[in-house]
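Asker: So you can see what is in the structure, the chains are spelled out below.
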Amino acid sequence: MAADSGVVPTGRAGRVPGEGSMWFFVLGDFWIFSCYFACYVHDRAQSPESYLAGQQLLSQGTGVLNTIILLTSSLFVALGVQAARASDIDVARRFVTLGGACGILFMLIKAWEWSTKIIAGFPAGTEDFFLYYFMFTGLHVLHVCLGLLILVLVWRELRKDRPRPMFVETGGTYWHMVDALWIAIFALLYLVR
Amino acid sequence: MNTRDQSICLWLVPFFGVLFLLGLAIFPGLFPPLSPTMGAEEVAAFYRENVAGIRTTMILFNVIGIGFIPFFMVIVVQMMRMGNPSRAFAYSYLSAAASGGTLFALADLAWLNAVARPDRDPQLTLLLNDLAWLSLVTPVGFIITQNLCLALGIYMDARPRPVFPRWVAHFNIVTALLMVPGAFAIVYTTGPLAWDGSLSFGLRMGTFALYIAVMFFVTRSAIRQQAEEERGVGLGLQAIA
Amino acid sequence: MNESVLNLGAAPGERVAAVPVVRNPKLDQWICYWSIPFFYVLFGLIFVLLARIMPPQSPTSSAADIVAYMQSPTLRWGIALLALTLGLASMASGIIVVQMQRMKGLSAALPYSYLAALAVAGVPGCLFPCFVFALGGLRPEYSPEIQVMLYDLGFLSFVGSLGVFTIQYLVFAIAIFLDERQIFPKWLGYLTIWALVTEIVAVPVWVTRTGPFAWDGLLSFWLGTAIFVGWEFLMCVCLYRAIKNQPIEELEHHGG
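Chains as they are written, first to last, in the numbering used here: chain C, -17 to 175; chain B, 89 to 329; chain F, 5 to 260.
This is chain C alone, in the form it adopts within the complex (with noise of 0.2 Å):
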């Protein structure tokens, strides 16, 4: 219908991978990501020891865990959107279910995180710094529950007879993007000394 409105993204543009209001989205999403970055520097140059004893309490064993599980996770996702370009529909479906599982282990090992931080309790000082871990993994989390929801979508697509590839690549790069901001998080949180 010549009436249908709104700005129809124009996903097709280029070589871009994905449609164009999924970028519109990662992007902004490190927009943001980035206002908070930029206050947890601040704030932690105001009080680098209180944030220091913080960060000695979280277990970077665990961290370089959870970013190993989380790249692997993108690289069978990335083969998944390979494989259903070239049609290769039960492979793709089959790393896509890798991928997902990968993700499902990060959120169990973060939970598991969580809960001995909180059963542990916080000496007094730390505060500030975990106030900022809980929101950043968090908000992470949700990212990456978002983004499990989104491999299941591209999951049952696959199962279609004639799959969109637009529609795999774009929960694909949503997927990349959910392991770009973990990195961030990673290095600020439990690396910069």
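Note that these hints are calculated values from the structure, not bench results.
Bear in mind the structure is a predicted one, so any value in this text is a computation, not a measurement.
A virtual CB, placed ideally from N, CA and C, is assigned to each residue, including glycine.
One thing to keep in mind: the hints can contain errors.
Claimed, not checked - Computed Cβ-Cβ distance ranges for the label pairs, DEER-style: (1) Val139/B to Met89/C: 27 to 37 Å; (2) Thr64/F to Met126/B: 26 to 36 Å; (3) Leu238/F to Met89/C: 25 to 35 Å; (4) Leu109/B to Phe237/F: 33 to 43 Å; (5) Leu265/B to Leu53/F: 44 to 54 Å; (6) Phe237/F to Ser123/B: 45 to 55 Å; (7) Leu109/B to Gly43/C: 26 to 36 Å; (8) Ile114/B to Gly234/F: 34 to 44 Å; (9) Gly120/C to Gly294/B: 26 to 36 Å; (10) Glu31/C to Ala297/B: 44 to 54 Å.
Use these hints to put chains B and F onto chain C, whose structure you have.
Answerer: Coordinates of chains B and F only, in the frame set by chain C:
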């Protein structure tokens, strides 16, 4: 039209329902519920000692507080399919659901404020505590009206294949009656009608949980019925073409 | 039926007599639409200049400062004007629900959820906190302890009523993504998800009184408010296009 949107709203029920139960499990003031006969000092001490638990539950309830609204709106949409003379009951149901949600949101704010500054004058903590419990337990009129409107709609459903089976109407009447005692927590501070009483609290909350669970399944069949009927119409149109 | 108003039943060729030609068939929608910028400008003036609720007063103010704030002469005037005009916010829900009902592939469940969620949200999220401030302003003889409680209750309810808005954003985003006609562009759906996320970022206002997550903090308040203002603005742009592009034949009584 497909029924995907209604299914999404429907499946928000188990999602939010589990979170609600989780919140109740964490809440320290529930097993048993705080008694209305407790003195100010005692109540204030309780809030001071349980800041973390109360906060966690109430922040959770703040975020998911009106999470059942989409589900109630699916029931409204199903009521509109009924063979009723008008949509009066459906719109009444909508309005009652919204008003009931408002009271729950206010109760939550009162609880959160009671722990926002635990060193307040105990009299004020007591005031916030009472406001919270009364706003949670007593305004049963909205959910009762919802149930009665739905029951009346079902009784008057003139469709050959009704949207909801008739027993759902009886069920709604019974659950409405079971929630009546809640209102009298305003009058009584001891016994089964007080806000921590077996009738006003235990029966009312249990009934509500059962009500949501049962309505989840019957609404799911109603949506399925609608999908089936619309597919039937679609096939019929194809056959004509 | 009043034939001078409606001629929907008129047979073709029959002389369509005495039907007032509707000059602007979308007049009702445009009235609701323009109420939105009108209301939000007024809302901003009241909250920033008169009541000084935005930007929020500090969560760590001393009791003396709190009492002084509650007694400030413009506070009650601001809230009186708000009490007079907050109803205009309902017109925004009205027009958005009309446009949501044009969407294809979904029932009325999501528009009605939007309607109900906003009907709830107006009270805990705006009117109730304002009345709490009005209460503090009404009686200077309330003890400072009571004034502090009203102050907390006011600001925390205003900044910290979250779920009522998350549900509103959630159903709106779901509706945009399911809509087969793209009444609203998809990117508005994504923007709505951020608006939802910023509500969740405001959760710590209930826990902390200092730093970026306090009720006057950079992340809980300022970033959330910036995204809300951006959302509201782009929502208005999209809504304008949606109304403008709605075909006349689709209107219920288009008068000819």
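Asker: Would you mind marking each hint as holding or not holding in the structure?
Answerer: So, going through the hints one by one against the coordinates:
For Val139/B and Met89/C, the Cβ-Cβ distance of about 28 Å falls inside the hinted range of 27 to 37 Å, so the restraint holds. Distance hint for Thr64/F and Met126/B: a CB-CB separation of about 31 Å, consistent with the stated range 26 to 36 Å. Against the hinted window of 25 to 35 Å, the Cβ-Cβ separation of Leu238/F and Met89/C comes to about 32 Å, which satisfies the hint. For Leu109/B and Phe237/F, the hinted distance range of 33 to 43 Å is satisfied, since their beta carbons lie about 39 Å from each other.
Checked against the hint of 44 to 54 Å, the pair Leu265/B and Leu53/F passes, with Cβ atoms roughly 52 Å apart. Here the CB-CB span from Phe237/F to Ser123/B is close to 51 Å, well matched to the stated 45 to 55 Å. Checked against the hint of 26 to 36 Å, the C-beta distance between Leu109/B and Gly43/C comes to roughly 34 Å, which is consistent with it. A hinted range of 34 to 44 Å holds for the C-beta pair Ile114/B and Gly234/F, which are about 35 Å apart.
Against the hinted window of 26 to 36 Å, the Cβ-Cβ separation of Gly120/C and Gly294/B comes to about 32 Å, which satisfies the hint. Separated by about 49 Å at the C-beta atoms, Glu31/C and Ala297/B satisfy the suggested range of 44 to 54 Å.
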